[in-house]
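Protein chains in written order, with numbering that gives the first Met the number 0: chain A, 0 to 289; chain B, 0 to 289; chain C, 0 to 289; chain D, 0 to 289; chain E, 0 to 289; chain F, 0 to 289.
I should point out that these hints are in silico values taken from the structure, not numbers from a laboratory.
Owing to the predicted nature of the structure, the values given are computational and were not obtained by experimental measurement.
Derived DSSO-like pairs (lysine-lysine); straight-line CA-CA distance at most 27 angstroms:
| hint | chain 1 | residue 1 | chain 2 | residue 2 |
| --- | --- | --- | --- | --- |
| 1 | D | K183 | D | K154 |
| 2 | F | K154 | E | K154 |
| 3 | C | K154 | E | K154 |
| 4 | B | K183 | B | K154 |
| 5 | C | K227 | B | K183 |
| 6 | E | K183 | F | K227 |
| 7 | C | K183 | C | K154 |
| 8 | A | K154 | D | K154 |
| 9 | E | K183 | F | K183 |
| 10 | A | K227 | D | K183 |
| 11 | D | K227 | F | K183 |
| 12 | A | K183 | B | K183 |
| 13 | E | K154 | E | K183 |
| 14 | E | K227 | C | K183 |
| 15 | D | K183 | F | K183 |
| 16 | F | K154 | F | K183 |
| 17 | C | K154 | B | K154 |
| 18 | F | K154 | D | K154 |
6 protein chains.
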Amino acid sequence: MRTLDTRDVRDLPAVEAHGLETEPYYLPIGDEVEVFRAAYEARLPVLLKGPTGCGKTRFVEYMAYQIYRGSASESHAAVATPLITVACHEDLSSTDMVGRYLLVGDETVWIDGPLTRAVRSGAICYLDEVVEARKDTTVLIHALTDHRRILPIEKQGVILDAHEHFLLVLSYNPGYQSVLKDLKPSTRQRFVSLEFDYPPAEQEARIIAHESSVDDDMAADLAALGAKVRQLRQHGFEEGVSTRLLVYAGQLVARGISVHRACDVAISRAITDDVEVQRAVAEIVATIFP
Amino acid sequence: MRTLDTRDVRDLPAVEAHGLETEPYYLPIGDEVEVFRAAYEARLPVLLKGPTGCGKTRFVEYMAYQIYRGSASESHAAVATPLITVACHEDLSSTDMVGRYLLVGDETVWIDGPLTRAVRSGAICYLDEVVEARKDTTVLIHALTDHRRILPIEKQGVILDAHEHFLLVLSYNPGYQSVLKDLKPSTRQRFVSLEFDYPPAEQEARIIAHESSVDDDMAADLAALGAKVRQLRQHGFEEGVSTRLLVYAGQLVARGISVHRACDVAISRAITDDVEVQRAVAEIVATIFP
Amino acid sequence: MRTLDTRDVRDLPAVEAHGLETEPYYLPIGDEVEVFRAAYEARLPVLLKGPTGCGKTRFVEYMAYQIYRGSASESHAAVATPLITVACHEDLSSTDMVGRYLLVGDETVWIDGPLTRAVRSGAICYLDEVVEARKDTTVLIHALTDHRRILPIEKQGVILDAHEHFLLVLSYNPGYQSVLKDLKPSTRQRFVSLEFDYPPAEQEARIIAHESSVDDDMAADLAALGAKVRQLRQHGFEEGVSTRLLVYAGQLVARGISVHRACDVAISRAITDDVEVQRAVAEIVATIFP
Amino acid sequence: MRTLDTRDVRDLPAVEAHGLETEPYYLPIGDEVEVFRAAYEARLPVLLKGPTGCGKTRFVEYMAYQIYRGSASESHAAVATPLITVACHEDLSSTDMVGRYLLVGDETVWIDGPLTRAVRSGAICYLDEVVEARKDTTVLIHALTDHRRILPIEKQGVILDAHEHFLLVLSYNPGYQSVLKDLKPSTRQRFVSLEFDYPPAEQEARIIAHESSVDDDMAADLAALGAKVRQLRQHGFEEGVSTRLLVYAGQLVARGISVHRACDVAISRAITDDVEVQRAVAEIVATIFP
Amino acid sequence: MRTLDTRDVRDLPAVEAHGLETEPYYLPIGDEVEVFRAAYEARLPVLLKGPTGCGKTRFVEYMAYQIYRGSASESHAAVATPLITVACHEDLSSTDMVGRYLLVGDETVWIDGPLTRAVRSGAICYLDEVVEARKDTTVLIHALTDHRRILPIEKQGVILDAHEHFLLVLSYNPGYQSVLKDLKPSTRQRFVSLEFDYPPAEQEARIIAHESSVDDDMAADLAALGAKVRQLRQHGFEEGVSTRLLVYAGQLVARGISVHRACDVAISRAITDDVEVQRAVAEIVATIFP
Amino acid sequence: MRTLDTRDVRDLPAVEAHGLETEPYYLPIGDEVEVFRAAYEARLPVLLKGPTGCGKTRFVEYMAYQIYRGSASESHAAVATPLITVACHEDLSSTDMVGRYLLVGDETVWIDGPLTRAVRSGAICYLDEVVEARKDTTVLIHALTDHRRILPIEKQGVILDAHEHFLLVLSYNPGYQSVLKDLKPSTRQRFVSLEFDYPPAEQEARIIAHESSVDDDMAADLAALGAKVRQLRQHGFEEGVSTRLLVYAGQLVARGISVHRACDVAISRAITDDVEVQRAVAEIVATIFP
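Bound-form chain A, shown alone:
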């Protein structure tokens, strides 16, 4: 795979189909599935708001599976790649999203970026943590989210009409965004906004049990621990603990690490460097696992 010839580039497989051969594991909390489906039917762009690790990525994978694989729509089933995810960061330019020319041998070939692939093929394009992206990317968003539904590809001098199945979905975390990195009103007023939070204790326990192979009691205790740690937010600790870290603690316990030590390395020290907060978490652990 070290050498690239022209043929390779032209025949690149639809590699982004990754991960949706089987139904992703997702437990609905409220009516978010119905609202998303209605928005999708009207092709209204969707914004997912919520804290770190509360399940936004899983939700959009789940919805993509339901819409493209779980329904009877033949034209949806024909879309090879239902979901194309772009993790945004401050060096991500519109060129990265749209595509670029590449010199291959003595020939110039064009390679579509992930947004262009989604627009062309009819996939859901999911821009994760969109406020981290460079500002020039928000421009691409505008023309795709109003009545025009077009993607201008300036470098090729063409304007692409979006595939009828295409939808843009964004996520962002209002909790730790700075003023400088807020969404402009002219951008955010183009999206239906769904808010997410950590799952209720019972559902979180089911997730922990499902993903870490601990028994139901341990899973319930870890979910209870998560709920208590999140209450620390009211005492000045801004971040909660993600479901993922609770699962980590369970996985370490399942491999023989003591529950105190597992909570220490997977929760307490993972969420903070502040010894006060670490001590507060340790006390919660000691209460739940005496």
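Go by the hints and put chains B, C, D, E and F onto chain A.
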């Protein structure tokens, strides 16, 4: 479309003609149509000021249709692309606007940027949110908006006289511009300025009904909701709600989502992350849809 | 014009000769014509200071016409391009001004920048709003404005002696320059400085009548309006109104827009977003056009 | 080695196997070996926190040796390069980590970056001082540390599934990180976190004796010195002294430099430019080596 | 001269010899000629400090003429280019000073930068306003100004011994340098420092008469004017007026402009935008030319 | 030397051997020679701290000569280039230090940077004023200064084991470093630190006499002058005067400049622009040379 050969570049179709085969839907509020037409006749550049989503883009599409398609002028009808829109952003350079050389095979070809295409062909060039563009683009504006009406293309070493039908139109939103991103007086004093605001309730209800397929009562209620939410601006909430979001709410209702939930995801959470403002909006919703 | 071959580049016409086939319209206010001519005869560089839209660009076009076209000097008449204007901006580098190598086919050709063309051919080179240019351009200015009158072209490794007719003219607006963008003393002490202001009412009325086809009364009223609006500067409104905007108002009136509305869109809203100032202007309009 | 031809690039040896032919010297302090092994078995990413020179790099080398060389797992033994280390810095881009195209002769070849090599081959990839890296690298981390375990290689347009043995390990020093260079919660909540500190006196003495060839008494005295210097942290001196510097002092003593001078150049002046702190250290030295 | 072929680049004439065919006009003020000559004989680098337009550039031209053209030294006479001047600015990189590779046709040729040409040929290299240059250029200065007298050309991988006649001369203006743009002590302590100020009135009058063709009385009055304007510095006006501007005023007078108007445009408005200072200067003018 | 062909690049001589054919002149002050030798024998990296012009560069040249030329070690004598110096600055990247690909004709050749040459050949690599370098260079330092002694060359995809004779030596001046440009603890705790100051009066007099050809009395007086000027540091003048400037003064005296004037231009005005400090220095001069 993955490979580009020299012929492709030379024969690129006039792709920007998008969207003006049919008359765009626009409801005039005052005499903005007459003023724009008089400015166009004198070829005076126009600046459209106003908040997010109040219809500036639609208005310029509508005027382009009226001038190039709806009139009897044969020379206007001959312009294949009446309107070329550039969504401005801080990485947009004058090169992006004017054009660049591209290496195709072993040949160097020049590709016009959108401004050059408009200047050459006689289109209206609409620079949306112009203060977001890099400063070097304002220079292009100057020579095109005084008695010279020329576009210097430095990279080709030529100076282009603007087509007799060419006009430059800018938009900007005075509400959330920082001091740093204001238009310089030497730029703004080259434009006739038209101010826009959200449409009056009755007209907005007609727009909502037209675009979301809800009945007239629901449309009137949503328009009333929009008016009340915009009054919150007087209580510290700077942004209003765009007509577009009211249409979104209508579309969700039309697909079976309850009106409370629809207003929650399409209005309340879409316009703000501030729980106080969200609560105020919810109270307005409860009043209108008891 | 989409493809560029080597021959094209070599035979590029003197495209900058634009606009001086006929005498530009300029009404002298004081002795600025005589001072400029004396400075030109001694080849002293000239700096034009003054607010937006007060006629600096027109003045330099007028002087270039007088010196190269209106005089009997055969060597001046032989200069094909009397005036080369560069609108400065913060991305304008010395490379843009001096020239660059361009790869054409498999050959490297050199293309002169506008300053080099002026130095070589004996034109007046007018750097408009020079403090906006990148600092490396001021260096080019130094060697051209002392006893050396040379232009070093580092990329070619040559030093060009300026043509005997060459002169450098700069403009800047002291009113809204920040401290960071001031001219360094080592630069500004190389120029004879001419200060400009808006024309007196009678002359401004003549300009408005000449350029907008309104009758003399309307032109006089609009000039009176301009004078009153500029007095607002003493009440905290920093910018005045340019003669150009008064002409715009006249042009709209000539096309059937009411004088109140014409003053509203071409003056009041064009010069400011501040509702207080807009109201003050409206009151002046109501006084003059009762 | 000065010339590179295509064959060279293709046949590049697995050069990163450096340093793990023999077991690295590491003295476990607590249960860090067991916790790391459990995390590795569950393929949970690991974050090592701790001050300068306390042994984090050695620890990860030791664990890589234990897992890939010291175990009976044949598939682990087949991994030619158990550990790939990337020292992060602010100019390190995702391109440096993932790989780039290189023009060799007239052929374009792709060269994997260190992260891609680890993902492909099943190595542990250790990102040392990760908060120093550019933000775009944290994006690479996300997709590799959740259920997807994928590495998107945008420049090739492919997505790589991580080898089953791959694990990502990060280090950072919470002591002197600025607020601007903290790990984002959405990043750090993907890692099990192990905290490190300087070793206890007895173990540090064994390390000093092992690495500097001084006798046990001298090693014990130097370890005691280290402990006392670190207590200065409570008096406003933020940094301690690393074990490495204590070893340096021992090595200078072993080569005939007096212990006072050795502690002066290898400890006192090496850890600070502050004469107050230097004096405090000198007093401690005088107490231990009277 | 528009096309460059390989031969052109190789045979570039020694174009920098500009301006020293005849003896530059310079009036010594004190012993600066003797001190410079002694420093040159010991090859001690020289720093010229002083305000704008006081004659530093003329002085170094004069000394270069004296040393290379006015002396009997045959080896000095053999240096084709006695003085190579570089006007420093913030975009001037070490590459600009040292040289670069240029692709000419299908061949790569190296072109020496101005510093390299001076080092190679034995010229005086004069870096004007050196603190404006990028910091990487000061590094070049270091190795050329200590006992090594070498210039490392990293891009060629060679180190050049300076020609025996080479000398580095710098200028800077301590008056308006910011703290950020000061010379580092490790740089400035490599130079003998000569301070310059405006010439005494009698000498300045001789210069004005020599360069502007006004009679001796007018020249004496203008010199007296200059002295008085410079005293304003004690009243908060930081910059003085350069000799050059006094010459400008004389030249305008010689071309028929009244002396009041000439002082207005060439002095008062040329040195400041501050109306208070302009008024103060006008009063001085009225006193001297009643 | 203007054209570069492939052969030239491959056969580049070991040009950096400059300056060590003869023993550099260095007067040891204390035991710095012994400590450096012991550190070198244990291959402990060395950091030289001290003010401008106190002899750090000379010292490292002297040590390199002693170790590679003055000893009986045959393998040291075989190192063609004992010392490779890199003057650090803020634009120095790791690419400059490690090496880069160069296109020569139609072939790509690799050229080692100075650090790579030292690592490969066994030289001492001296990074002068290391805190001025870009941060990415400190990363190179880390892997070369711990037990690994490796240099990763990312662009070639190889890791180089350091030659057994290689040693890294750094210098920095703690006096005028800003907080932003301090060495990170994780970097500085990898070095044995030797502090330097100006030489005592007697030794400094010997240096002045040796390098400027003045007699012993004058040399002693200049050394006494240096000592007194450095005491001004206690009165708010931060920088002292370097030995180099005292030598300059001696050289000017030896060429007939009066001692007062020589001290004026080579000391007083060379070290400061502050007239108070200049006056204080002048008084000291008047005392010593009455």
